[in-house]
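Enquirer: Could you put the whole structure together from the sequences, leaning on the hints where they help?
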Amino acid sequence: MDLTPLYISLRASVYATVFAFICGTLAAWAVIHIQGKLRAVADGVFTLPLVLPPTVLGFFLLCIFGTRSLVGQVLLKAGIRIVFDWKGTVAASSVVAFPLVYRTVRAAFEQIDESILNAAQTLGISGWKIFTRILIPSARPGITAGTILAFTRALGEFGATLMLAGDIPGKTETIPIAIWSAAYGGDMNRALVWVIIIVAISFATITAMNLFGQGAKRK
Amino acid sequence: MSIEVAVKKKLHNFNLDVSFTAENEYLGLLGASGCGKSMTLKCIAGIEKPDSGYIRINGRTVFDSEKHINLKPGERKCGFLFQNYALFPTMTIAQNIELVLHRLPAAVRKEKTSAVLSRFGIAELAGRKCTELSGGQQQRAALARIMVNNPGIIMLDEPFSALDSFVKQQVETNLINMMEGFNRTVLFVSHDRDEIYRICDNIAVISDGIICRKGTCRDVFVNPETVAAARLTGCKNIAGYRKTGKQCIFISDWNIELCTAADVPYEKGYAGIRAHYMHKPDDTCLVNCYDFTVKQQLKSPFNISVYLSNSGAAVPIDWEVSINTSTITSDLSLNAVEKICIPPESIMFLTE
Chain G
545 MDLTPLYISL
555 RASVYATVFA
565 FICGTLAAWA
575 VIHIQGKLRA
585 VADGVFTLPL
595 VLPPTVLGFF
605 LLCIFGTRSL
615 VGQVLLKAGI
625 RIVFDWKGTV
635 AASSVVAFPL
645 VYRTVRAAFE
655 QIDESILNAA
665 QTLGISGWKI
675 FTRILIPSAR
685 PGITAGTILA
695 FTRALGEFGA
705 TLMLAGDIPG
715 KTETIPIAIW
725 SAAYGGDMNR
735 ALVWVIIIVA
745 ISFATITAMN
755 LFGQGAKRK
Chain W
25 MSIEVAVKKK
35 LHNFNLDVSF
45 TAENEYLGLL
55 GASGCGKSMT
65 LKCIAGIEKP
75 DSGYIRINGR
85 TVFDSEKHIN
95 LKPGERKCGF
105 LFQNYALFPT
115 MTIAQNIELV
125 LHRLPAAVRK
135 EKTSAVLSRF
145 GIAELAGRKC
155 TELSGGQQQR
165 AALARIMVNN
175 PGIIMLDEPF
185 SALDSFVKQQ
195 VETNLINMME
205 GFNRTVLFVS
215 HDRDEIYRIC
225 DNIAVISDGI
235 ICRKGTCRDV
245 FVNPETVAAA
255 RLTGCKNIAG
265 YRKTGKQCIF
275 ISDWNIELCT
285 AADVPYEKGY
295 AGIRAHYMHK
305 PDDTCLVNCY
315 DFTVKQQLKS
325 PFNISVYLSN
335 SGAAVPIDWE
345 VSINTSTITS
355 DLSLNAVEKI
365 CIPPESIMFL
375 TE
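Those sequence lines, one after another, are chains G and W.
Everything in the first sequence is counted per my numbering, starting at 545 for the first residue and increasing by one.
Everything in the second sequence is counted per my numbering, starting at 25 for the first residue and increasing by one.
Every clue listed holds true.
Using 30 angstroms as the maximum straight-line C-alpha spacing, the simulated DSSO-like pairs for lysine-lysine come out as follows: (1) G/Lys673 to W/Lys136; (2) G/Lys581 to W/Lys32; (3) W/Lys96 to G/Lys673; (4) W/Lys363 to W/Lys292; (5) G/Lys673 to W/Lys134; (6) G/Lys673 to W/Lys153; (7) W/Lys101 to W/Lys32; (8) G/Lys673 to W/Lys73; (9) W/Lys91 to G/Lys581; (10) W/Lys73 to W/Lys32; (11) W/Lys101 to G/Lys673.
Derived from the structure by calculation, the hints contain no laboratory data.
As the structure is a computational prediction, the values presented were derived from the model and not from experiment.
Expert: Below, the structure written as structure tokens:
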């Protein structure tokens with residue numbers, strides 16, 4: 545059996561998780577510093593990928609990275625192709641995974657006692673040090689949970705990936721797309737194998753997170 | 025070392041409007057919760073931004089709304105001891121202090137950290153996390169973390185309110201000893217009048233966002249001047265009076281006419297009587313002795329609050345009796361009639 549969809553999916557998920565982890569955490573940090581109505585707007589923008597249909601995200605991504613768009617052309621000149629390329633699977637997964645990190649990390653940041661952050665400020669500790677040495681360590685359980693959720697969500701990404709990267713076997717065919725094309729082509733056995741694989745990976749990841757979380761709490 | 029503050033800040037339907045100065049002294053800010061005392065400290069530290077006014081620390085302007093000066097909290101050199109001590113929870117005590125010194129080379133940082141930890145008597149706790157420390161130890165660590173930053177002034181926000189009552193006094197003594205030699209200005213915020221009286225030189229009473237009385241501790245407790253200050257310094261009995269003579273007032277709430285030691289200042293005003301200055305009749309008491317009915321008693325281990333009512337009175341008077349000096353409290357019964365004296369010199373005249 546050809547295992548390239550597993551490889552393509554894992555590659556997309558790992559890259560997307562790294563992207564979502566970095567951007568989601570930074571976005572959460574930025575949003576807790578915003579005051580007033582702008583905060584609600586920023587939060588809305590960052591949460592939108594969670595609630596929009598993946599096809600809508602795929603449409604937006606095509607508009608941004610399409611060969612006829614400005615960004616797409618600049619990237620093409622630099623030799624980077626997103627559309628109908630494995631990098632498209634990364635882009636699509638990143639966008640859907642991002643809000644999961646953003647929201648869990650923001651909630652974890654907001655749980656931190658404000659006087660701790662105020663104390664750090666009055667002691668002259670720089671904003672970046674506060675972020676890296678106080679906020680992130682204090683929010684670690686939330687960041688871990690958000691990152692694992694992001695990984696499993698990236699692994700299951702289908703709609704936006706199909707629109708942006710297409711279904712090119714051996715190149716952009718992720719596990720969800722392999723299931724779809726196998727079932728569509730009447731090969732239910734092949735579809736079933738991939739269904740079992742993706743359920744196993746997702747279940748194992750979430751269970752590991754829960755066991756890890758319990759262990760941390762017991763301490 | 026000095027601080028000058030004059031700030032205004034509007035928050036929803038609360039207005040903070042305070043101005044005071046302090047120089048090489050312990051200034052206590054006494055007030056009920058929500059009166060604006062913590063907000064005042066936050067404005068000074070730069071955590072909150074006042075709407076208008078100025079703040080000068082040791083002659084340096086750290087905030088001035090007209091000159092558009094608003095220094096960041098880290099540039100103000102304010103040592104702020106938070107109510108919950110606000111130690112960084114994921115770090116050890118030593119790491120807490122080292123982070124404050126993060127701009128210094130590692131060797132200097134280590135040396136300064138161990139020096140300050142031994143100065144505060146917590147060298148052996150350096151490797152512990154704050155969750156493993158008692159409240160008193162956390163307070164020492166937090167104070168060490170403040171001192172290592174070499175602050176121009178120190179602000180203590182309800183430093184003992186998170187402690188169990190039986191360790192409070194010891195921690196209080198420790199804090200005073202540790203602060204000794206720190207010849208700077210200290211602002212001490214509390215709702216506990218006894219704490220402030222013990223610790224501070226001067227006191228500013230804050231009520232509803234405004235300083236209603238300022239002075240030395242002794243002065244403010246002897247003569248609170250305003251109703252709010254009287255209440256916050258622990259005066260239980262406050263009621264409106266009407267002048268009936270040069271040294272004579274009638275208090276309708278208590279349906280009682282009282283002689284006063286001082287001349288009555290206004291035709292109408294408020295009178296305050298501290299509950300523990302009232303007593304059973306003795307040789308010294310010639311006036312203001314009345315028969316009261318015992319309406320209710322609240323028994324604490326070492327004192328009893330007795331609510332007394334004169335016939336025709338709308339509001340009872342609170343009389344506080346220490347148990348060890350009193351032989352009669354045990355046989356006080358409900359609705360019993362007691363003759364009680366209110367010494368004329370104990371009557372305070374107050375304004376709204």
